[in-house]
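Colleague: So the chains spell out like this:
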Amino acid sequence: MVLNLDGTKPIYIQISEWLENEILNGNFESEQKIYSQYQLADIFTINPATAAKGLNLLADEQILYKRRGLGMFVAPDAKDMILAKRKNQTLKRLVEELVLEAWRLKVSKQELIEMIHSINTGEAGE
Amino acid sequence: MMSLTKVRLWDVVKQQYRYKLKGYIQVFMSMVVLQVLALIFSLNGVGNAGASGGLLNVNTSYFSADFVLAFTMLWGFITAILITTKAYSNDDFIFVTNRLSSHLSNVLFLVTASILGGLTTILSTFLLKVIVFLFKSDVYLASSADLAAPMTLLVGVSSASLYILLLCSLGYLVGTLIQWSKLFAVLLPAVFVGGLLLNALSGEAGILAVLYAFFMTESSFPLFFLKVVCTSVVLFWGAFGLSNRLEVRP
Amino acid sequence: MTVIECKEVTKILGGTKALDHFSCRIEGDKITGLIGRNGAGKTTLLKLIAGYWRETAGSIEVFSERPFNNLLVSANVIFIQNEMDFPTALNLKELLEVMAGFYQNWDRALAERLFEYFSFSPLQHYKGLSKGMKSTFNMIVGLSARAPLTIFDEPTTGMDAAVREDFYRALLKEYLAHPRSIILSSHHLDEIEDLLEDILLIKQGQELLHLPMSDVKEWAVALEGKVSLVHEWIQNREVLYTKSTGFHQSAAVRNDFTEAELQQLRLEGVRISPVKASDLCIYLTRDSEGGIDDVFNKG
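Protein chains in written order, with the numbering used here: chain A, 188 to 313; chain B, 596 to 845; chain C, 3 to 301.
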């Protein structure tokens, strides 16, 4: 497994995203045990503490849950949660860029909303 | 968490002794070389006497292992200094060691070397006799050291070993002093030679003579054994005391 | 479990303070990177930890004991240096045998397999090896010993890139299979970043920073944009590095921006990017803000 080492995205975030992809791809089912920090460390040649951070990130978002002494498991609705999260993130990022670009081009908030409306209704109309 | 290994001093000393026997093997080779050299010097005999009367000429030559012993004692002295130098003493630190174990294994090594040296020294008398017999004609050999008298042989080997051990312990202390402060490398020879000169000039018996009397003229073997062992222990102990605070120099 | 504890350790070498009231605490089975410039005191610290040298002042404890002249510490620590004084009379195979006799956790099978993998010949002597091969042999010794505290001081000197990769991989695999406390001092932080759990940064004999790697990676950010903007933003902040070329300025500052500030930065068009751990260490251990450019800029 190759990681993006140019420093733009922290390793542990890359790990968590990779795990999310694994779940989305169906390699891990709900209630199934996911890779341990040691297995991840071995797969990616990283320190297990970093891998643990990635796992904990997903646990905090309740995509994974911990079973004492047994390890991390995939939450029952993990797949849906990941999809929702991704949608939110992607969309949110696009909106941010939109707002930023509008500000740069000196387009007012009102204008922007009107633009969105017209496109929205235009598309809805088709 | 890995559990810590508990070590016992003597286990470490044994391991060190074992690897030193293999690792310091070059010193034994130089011992052989020195003894062969000494043997060659001994071929002329350590004492000669001649007498003649009428048609008969008698030449008496005394051969002994004195030369070989002297050379081997010197070898012991130098070897002991050698093993205190960085090149040898630093080796221990790659493995498991503390100053005490390092010393104890060195002492064991020197004792072994002394015994070996003593053995080969006495055996060289036999070699000497064989060479003299083979290469000189009209020879009648009268020997005082024979395989037929094992007790004398044992005493001979032991005495030789003890002499060598004594020089080893002296060399070890000298070597340690030098490691402690490089000044001693100059100071000690200076004091030694200076002392000898003073004694020679003043004509009185110096410390060397006292030592000679103390050791060499001792006729009781057990007493001799005791004297040498005690002196050696004191010298080794002194070396140990000095080096306990020494660091590992690069 | 505290493996190493240094309290105000000072070591004077040849009149200078190689370590100056140095304090640190290393706990548990972690891989800690010891980072610092040449002469910062890394090797001195490691020699004190391994019990080779005596501290001039302060206290140092390894496994709760003073490491100097200590058999317990010697038996549970393996110190792999650049220059290893292996006995010259023994060949490589014999050296491994001797090591096996001293270190009770020694794994013969591992040592043998690594030995073969790197194409060593049993009858070779250490002295006759090239620098890279010596380092490789040192690595085999360091890993096979399975000592509870394993110290590597610039272990990759002379190794080519492929062997370095092998070393890092072997180190990690051994660590995963048999966790132990490892200290790795290296000049190639960018290569070992992801192996490390903690970083201990040393500068002029003192500890500068001792943090988990993840914190170090997020310690500073780099701002890039118009001079007027960047200049404004770096006021009243800890600036680690700054460089301006005409209208453009870039600066590395401590990462203590709020969300609102980050938003603001983006709106203003100032590029914000993370600062790599290796770069951060360079900035922190440097003496001037402009770096070597100062030499060329003056005059």
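Hints in this document: simulated from the structure, not taken from any laboratory.
Predicted model, so just to flag it, every value in this text is computed and none were measured.
Treat the hints loosely; a few may be bogus.
To be verified - Calculated lysine-lysine pairs in the DSSO-like style (CA-CA distance at most 27 Å, straight line):
{"hint": "1", "chain 1": "C", "residue 1": "K95", "chain 2": "B", "residue 2": "K617"}
{"hint": "2", "chain 1": "C", "residue 1": "K175", "chain 2": "A", "residue 2": "K196"}
{"hint": "3", "chain 1": "C", "residue 1": "K133", "chain 2": "A", "residue 2": "K196"}
{"hint": "4", "chain 1": "C", "residue 1": "K32", "chain 2": "C", "residue 2": "K205"}
{"hint": "5", "chain 1": "A", "residue 1": "K293", "chain 2": "A", "residue 2": "K272"}
{"hint": "6", "chain 1": "A", "residue 1": "K293", "chain 2": "C", "residue 2": "K32"}
{"hint": "7", "chain 1": "B", "residue 1": "K617", "chain 2": "C", "residue 2": "K175"}
{"hint": "8", "chain 1": "C", "residue 1": "K19", "chain 2": "B", "residue 2": "K777"}
{"hint": "9", "chain 1": "A", "residue 1": "K253", "chain 2": "C", "residue 2": "K175"}
{"hint": "10", "chain 1": "C", "residue 1": "K136", "chain 2": "A", "residue 2": "K196"}
{"hint": "11", "chain 1": "C", "residue 1": "K95", "chain 2": "B", "residue 2": "K609"}
{"hint": "12", "chain 1": "C", "residue 1": "K133", "chain 2": "B", "residue 2": "K617"}
{"hint": "13", "chain 1": "C", "residue 1": "K245", "chain 2": "C", "residue 2": "K205"}
{"hint": "14", "chain 1": "A", "residue 1": "K220", "chain 2": "A", "residue 2": "K274"}
{"hint": "15", "chain 1": "A", "residue 1": "K240", "chain 2": "C", "residue 2": "K245"}
{"hint": "16", "chain 1": "C", "residue 1": "K95", "chain 2": "B", "residue 2": "K681"}
{"hint": "17", "chain 1": "C", "residue 1": "K175", "chain 2": "A", "residue 2": "K220"}
{"hint": "18", "chain 1": "C", "residue 1": "K205", "chain 2": "C", "residue 2": "K228"}
{"hint": "19", "chain 1": "B", "residue 1": "K681", "chain 2": "C", "residue 2": "K245"}
{"hint": "20", "chain 1": "C", "residue 1": "K32", "chain 2": "B", "residue 2": "K601"}
{"hint": "21", "chain 1": "A", "residue 1": "K220", "chain 2": "C", "residue 2": "K129"}
{"hint": "22", "chain 1": "C", "residue 1": "K129", "chain 2": "B", "residue 2": "K609"}
{"hint": "23", "chain 1": "C", "residue 1": "K32", "chain 2": "B", "residue 2": "K617"}
{"hint": "24", "chain 1": "C", "residue 1": "K9", "chain 2": "A", "residue 2": "K196"}
{"hint": "25", "chain 1": "A", "residue 1": "K253", "chain 2": "C", "residue 2": "K32"}
{"hint": "26", "chain 1": "B", "residue 1": "K681", "chain 2": "C", "residue 2": "K9"}
{"hint": "27", "chain 1": "C", "residue 1": "K9", "chain 2": "B", "residue 2": "K601"}
{"hint": "28", "chain 1": "C", "residue 1": "K205", "chain 2": "C", "residue 2": "K175"}
{"hint": "29", "chain 1": "A", "residue 1": "K253", "chain 2": "A", "residue 2": "K272"}
{"hint": "30", "chain 1": "A", "residue 1": "K296", "chain 2": "C", "residue 2": "K228"}
{"hint": "31", "chain 1": "C", "residue 1": "K175", "chain 2": "A", "residue 2": "K240"}
{"hint": "32", "chain 1": "A", "residue 1": "K240", "chain 2": "C", "residue 2": "K278"}
{"hint": "33", "chain 1": "B", "residue 1": "K601", "chain 2": "B", "residue 2": "K617"}
{"hint": "34", "chain 1": "A", "residue 1": "K279", "chain 2": "A", "residue 2": "K220"}
{"hint": "35", "chain 1": "A", "residue 1": "K196", "chain 2": "C", "residue 2": "K95"}
{"hint": "36", "chain 1": "B", "residue 1": "K681", "chain 2": "C", "residue 2": "K175"}
{"hint": "37", "chain 1": "C", "residue 1": "K133", "chain 2": "B", "residue 2": "K681"}
{"hint": "38", "chain 1": "C", "residue 1": "K175", "chain 2": "C", "residue 2": "K133"}
{"hint": "39", "chain 1": "A", "residue 1": "K279", "chain 2": "A", "residue 2": "K296"}
Colleague: Give a verdict on every hint.
Modeller: Now the hints, each set against the structure:
1. C:K95 with B:K617: Status holds; Cα separation ~13 Å.
2. C:K175 with A:K196: holds (25 Å)
3. C:K133 with A:K196: Violated, at roughly 37 Å.
4. C:K32 with C:K205: Status holds; Cα separation ~22 Å.
5. A:K293 with A:K272: violated (31 Å)
6. A:K293 with C:K32: violated (53 Å)
7. B:K617 with C:K175: Distance of about 34 Å is beyond 27 Å: violated.
8. C:K19 with B:K777: Satisfied, since the Cα-Cα distance of roughly 24 Å is no more than 27 Å.
9. A:K253 with C:K175: This hinted pair holds, its Cα atoms lying about 25 Å apart.
10. C:K136 with A:K196: Violated. K136 (chain C) to K196 (chain A) sits at ~37 Å, over the 27 Å cutoff.
11. C:K95 with B:K609: Between K95 (chain C) and K609 (chain B) the Cα gap is close to 20 Å, so the pair holds against 27 Å.
12. C:K133 with B:K617: holds (25 Å)
13. C:K245 with C:K205: Answer holds: K245 (chain C) to K205 (chain C) is near 23 Å, not above 27 Å.
14. A:K220 with A:K274: holds (25 Å)
15. A:K240 with C:K245: violated (34 Å)
16. C:K95 with B:K681: holds (23 Å)
17. C:K175 with A:K220: Cα-Cα ~22 Å, so holds.
18. C:K205 with C:K228: Violated, because 33 Å separates the two Cα atoms, which is more than 27 Å.
19. B:K681 with C:K245: This hinted pair is violated, its Cα atoms lying about 50 Å apart.
20. C:K32 with B:K601: holds (22 Å)
21. A:K220 with C:K129: violated (51 Å)
22. C:K129 with B:K609: Holds, at roughly 26 Å.
23. C:K32 with B:K617: violated (38 Å)
24. C:K9 with A:K196: violated (37 Å)
25. A:K253 with C:K32: holds (23 Å)
26. B:K681 with C:K9: violated (30 Å)
27. C:K9 with B:K601: holds (26 Å)
28. C:K205 with C:K175: Given pair K205 (chain C), K175 (chain C) is violated - Cα atoms ~31 Å apart, limit 27 Å.
29. A:K253 with A:K272: holds (20 Å)
30. A:K296 with C:K228: Between K296 (chain A) and K228 (chain C) the Cα gap is close to 26 Å, so the pair holds against 27 Å.
31. C:K175 with A:K240: holds (19 Å)
32. A:K240 with C:K278: Holds - the C-alpha atoms of K278 (chain C) and K240 (chain A) are around 18 Å apart, at most 27 Å.
33. B:K601 with B:K617: holds (26 Å)
34. A:K279 with A:K220: Roughly 31 Å separates the two Cα atoms, so the pair is violated.
35. A:K196 with C:K95: violated (46 Å)
36. B:K681 with C:K175: violated (36 Å)
37. C:K133 with B:K681: holds (21 Å)
38. C:K175 with C:K133: The hint holds at about 24 Å.
39. A:K279 with A:K296: With Cα atoms ~17 Å apart, K279 (chain A) and K296 (chain A) stay inside 27 Å; holds.
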